[in-house]
Amino acid sequence: MEIKNFTIEDLTRLTKNGKVSVKEIAESVIKEIEKNEDTIHAFISIDKEKILKNAEELDKKEKKGKLYGVPVAIKDNMNLADTETTAGSKILKGYISPYTATAVEKIINEGALIVGKTNMDEFAMGSSTENSAFFKTRNPVNPEYVPGGSSGGSAAAVSANEAITALGSDTGGSIREPAAFCGVVGLKPTYGRVSRYGLIAFASSLDQIGPFAKNVKDAAIMLEVISGFDWHDETSVNREDIDFTSLIGEEIKGKKIGLIREVSDFQIQKEVKSSLEKTANLLQKSGAEIVDVSIPHLKYALPAYYIIAPSEASANLARFDGVRYGLFSEGKNLRETYEKTRTEGFGTEVKRRILIGTFALSAGYYDAYYLKASKVRRLIEKDFEKAFEKADVLLTPTTSKTAFKIGEITDPLEMYMNDIFTIPVSLAGLPAISIPAGKDEKGLPIGMQLIGKWFAEKELLQIAYALEKGLK
Amino acid sequence: MIDIEKYEKLAALNLSGEEKIRISKDLEKIINYFEMLKEVNTDEIEPYVYTKGAKLFLRRDELGKTLSKKDLERNRKLFNGKFYKVKKIIGD
Chain A
1 MEIKNFTIED LTRLTKNGKV SVKEIAESVI KEIEKNEDTI HAFISIDKEK
51 ILKNAEELDK KEKKGKLYGV PVAIKDNMNL ADTETTAGSK ILKGYISPYT
101 ATAVEKIINE GALIVGKTNM DEFAMGSSTE NSAFFKTRNP VNPEYVPGGS
151 SGGSAAAVSA NEAITALGSD TGGSIREPAA FCGVVGLKPT YGRVSRYGLI
201 AFASSLDQIG PFAKNVKDAA IMLEVISGFD WHDETSVNRE DIDFTSLIGE
251 EIKGKKIGLI REVSDFQIQK EVKSSLEKTA NLLQKSGAEI VDVSIPHLKY
301 ALPAYYIIAP SEASANLARF DGVRYGLFSE GKNLRETYEK TRTEGFGTEV
351 KRRILIGTFA LSAGYYDAYY LKASKVRRLI EKDFEKAFEK ADVLLTPTTS
401 KTAFKIGEIT DPLEMYMNDI FTIPVSLAGL PAISIPAGKD EKGLPIGMQL
451 IGKWFAEKEL LQIAYALEKG LK
Chain B
1 MIDIEKYEKL AALNLSGEEK IRISKDLEKI INYFEMLKEV NTDEIEPYVY
51 TKGAKLFLRR DELGKTLSKK DLERNRKLFN GKFYKVKKII GD
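If you read the sequences in order, they're chains A and B. Mapping to our numbering: the first sequence position 265 is 265, numbers consecutive. Mapping to our numbering: the second sequence position 54 is 54, numbers consecutive.
Where hints are given, some of them may not hold.
[Unchecked claim] Covered by chain B, per the in silico footprint, the following chain A stretches (three or more residues, Cβ under 8 Å): (1) 35 to 46; (2) 184 to 193; (3) 224 to 235; (4) 272 to 279; (5) 346 to 355; (6) 372 to 385.
Because the hints were derived from the structure by calculation, they are not lab data. In this text, a Cβ means the ideal position worked out from N, Cα and C, and glycines have one as well.
Build the full structure now, drawing on both the sequences and the hints.
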């Protein structure tokens with residue numbers, strides 16, 4: 001069998017009926033991995049024997065679960081008990097997870113076949129997966145280009161059929177941007193929808209786990225599996241509305257789609273611009289109404305984010321000191337041991353962000369930087385509240401440009417610009433999905449971002465599905 | 001010019017060579033970019049602290065599963081089975 005064209009529903013129907021064994025699926029996935037992995041390098045750790053062994057065990061179990069036999073890849077910043085979890089960093093090389101992240105446990109409980117742990121920008125800091133301490137992942141659409149980041153390995157794995165679906169994490173665009181670059185679907189849930197327990201923290205007020213998939217419905221099924229309250233994460237939200245699939249396929253007549261006026265203030269690649277217009281037209285043809293909305297503080301999201309996220313990171317990454325786990329580099333005294341371990345263990349981008357954060361939180365600068373950015377964040381949230389009085393979802397390109405070549409961007413500020421349309425959404429804690437919407441002249445995928453109201457993933461996915469159908 | 005050494009010290013980092021020069025330059029540029037936030041009037045605006053839907057709650061004071069000694073020792077051997085051994089701090 002070839003798993004390439006299977007959706008989660010198709011595949012689980014076959015596995016549950018016993019028409020296809022999980023082992024057959026595992027063999028087919030391994031075939032794809034053997035074909036692609038030498039070029040793509042999506043995985044940091046992958047063990048073919050273990051995939052087969054796990055598949056055999058699943059075959060012996062009761063054939064049940066929403067993901068029974070579905071091959072899933074996991075970003076390497078999520079703990080999976082008894083496996084190495086590095087977050088793409090040398091400082092965690094060799095660290096063995098003593099426990100499993102809640103989101104990962106949930107997919108295992110639904111019968112998923114874990115394929116391996118995927119490559120990422122170190123501690124999820126980056127937009128190209130070039131910041132991984134180990135190697136660069138390549139874009140399966142064209143290996144000269146980056147897959148996006150920071151969840152580049154997960155996006156590439158799904159795009160190259162090395163998994164049917166994958167988990168990633170999104171802090172400022174780390175699911176949506178690689179999804180756009182690799183031509184797959186990527187969903188960032190509302191902040192609090194999915195437990196962060198067991199996810200290695202980057203910026204705790206922004207981090208959220210979400211799925212990559214080949215299509216909108218698969219992403220919705222994955223969200224149903226991973227969402228929900230967790231005692232281990234007090235920012236996870238206790239809500240009854242955990243059905244995200246029942247509106248899929250329903251018509252979207254009368255839905256209001258907001259186009260953000262300020263998006264046109266930014267430089268946008270011409271093919272991306274025409275894809276935006278085409279997408280809006282398609283939605284209109286499906287009976288939706290296009291409305292004009294304004295996010296006046298849109299351009300301030302990027303500087304606010306690059307104060308807030310590094311500030312939180314500088315505190316979160318203080319735990320990596322060589323004492324309890326990970327790299328240990330001995331100095332003359334404790335202080336020197338900390339410094340040596342951290343200086344050798346962290347890569348340049350991580351150090352850069354730790355220092356930005358340390359600066360923004362330091363005495364004398366806190367009010368002017370961190371506090372100011374937190375107030376701007378509030379204004380951005382208010383802007384979205386107002387926009388959602390007029391619209392049910394908002395539509396923007398996921399990125400202003402398609403993927404760039406490996407090594408093409410070396411200036412950090414220029415790299416940060418990749419996330420201009422995803423970051424405002426993250427600051428407001430909103431859910432958003434990137435779906436493939438055509439290709440540019442070079443054949444590189446273009447992604448469109450639909451942004452939903454807080455906790456309105458059900459409606460967001462309904463509209464995304466209608467759009468996906470129209471685009472096909 | 002920002003005093004990079006001050007922040008290195010606060011962050012327990014000790015940069016040198018090319019990397020130090022590069023990061024110093026980048027920080028200068030990035031912090032300069034933050035200046036645009038000064039254009040925004042934030043008088044009377046409350047900072048964003050809690051995300052929507054988040055509620056503070058307390059957990060029941062019950063015993064639960066925690067990491068075992070065995071779990072911990074896989075990543076660093078415990079001294080005396082109870083402690084992590086570090087360099088002397090007092091009197092150093």
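Please check whether the region 35 to 46 of chain A has three or more residues whose CB lies within less than 8 Å of a CB on chain B.
violated (count 0)
Assertion that chain B covers the region 224 to 235 of chain A - criterion: three or more residues, beta-carbon distance below 8 Å
holds (count 3)
Are there at least three residues in the region 272 to 279 of chain A whose beta carbon sits under 8 Å from a beta carbon of chain B?
violated (count 0)
Are three or more residues of the region 372 to 385 of chain A within 8 Å, CB to CB, of chain B?
holds (count 9)
According to a criterion of three or more residues whose C-beta lies within less than 8 Å of a C-beta of chain B, is the region 346 to 355 of chain A covered?
It holds, with 6 qualifying residues against the three required.
Quick check: do three or more residues in the region 184 to 193 of chain A have a beta carbon closer than 8 Å to a beta carbon of chain B?
Satisfied; 3 residues make the cut.
The structure does not agree with the numbered hints 1 and 4 stated previously, though it agrees with the rest.
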